[in-house]
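Asker: Please take these sequences and the hints and turn them into a complete structure.
Start counting the sequence shown at 24; every next residue gets the next number (the working numbering).
Some clues are possibly wrong.
Computed beta-carbon distance windows for the label pairs [to be verified]:
#1 SER31 to ARG68: 19 to 25 Å
#2 ASP49 to ASP70: 29 to 35 Å
#3 ALA64 to ASP38: 26 to 32 Å
#4 ALA32 to TYR69: 23 to 29 Å
#5 GLY57 to SER31: 17 to 23 Å
#6 ARG50 to PRO97: 34 to 40 Å
Worth flagging that the hints you see were computed from the coordinates, not collected in a lab. For each residue, glycine too, the CB sits at the ideal point set by N, CA and C.
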Amino acid sequence: MKTLVWTSAARADLDGIAEYHAGTDDRIGEMLVGRIEEAAAKLARYDTGRPGRVVGTREKSVALTAHIIVYEIPTICCSSSASSTRRGTGRKTQSTIFPSPFGATAT
24 MKTLVWTSAA
34 RADLDGIAEY
44 HAGTDDRIGE
54 MLVGRIEEAA
64 AKLARYDTGR
74 PGRVVGTREK
84 SVALTAHIIV
94 YEIPTICCSS
104 SASSTRRGTG
114 RKTQSTIFPS
124 PFGATAT
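Answerer: Right, here's the structure in full:
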């Protein structure tokens, strides 16, 4: 499974959504943030988003909300000596996480 990394800007957006709705009903803000976090967690398991409006990004609509998650799945470049498994061990190596200025990032 890929690792989900939230940028500080994305976390600030979530806080802003919760604060915006705090004046009317705290439960609405909590529900929206919960739906966004749940949708992002699912993206780490399986990318169901579409190509984004900004080159290099992807987007996923959050069900039953007016919100869209903008994220990146970075390309990892390997040299000819790199391998997806460690020699002789059969264990996979870990991939590198690259924070996205657009929101959550999964690798």
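Asker: The structure should be examined with respect to each hint, and the outcome stated for every one.
Answerer: Going through the hints against the structure:
no.: 1; hint: SER31 to ARG68: 19 to 25 Å; result: holds, 24 Å
no.: 2; hint: ASP49 to ASP70: 29 to 35 Å; result: holds, 32 Å
no.: 3; hint: ALA64 to ASP38: 26 to 32 Å; result: violated, 18 Å
no.: 4; hint: ALA32 to TYR69: 23 to 29 Å; result: holds, 24 Å
no.: 5; hint: GLY57 to SER31: 17 to 23 Å; result: holds, 20 Å
no.: 6; hint: ARG50 to PRO97: 34 to 40 Å; result: holds, 36 Å
Checked against the numbered hints listed earlier, the structure breaks hint 3 alone; every other hint is satisfied.
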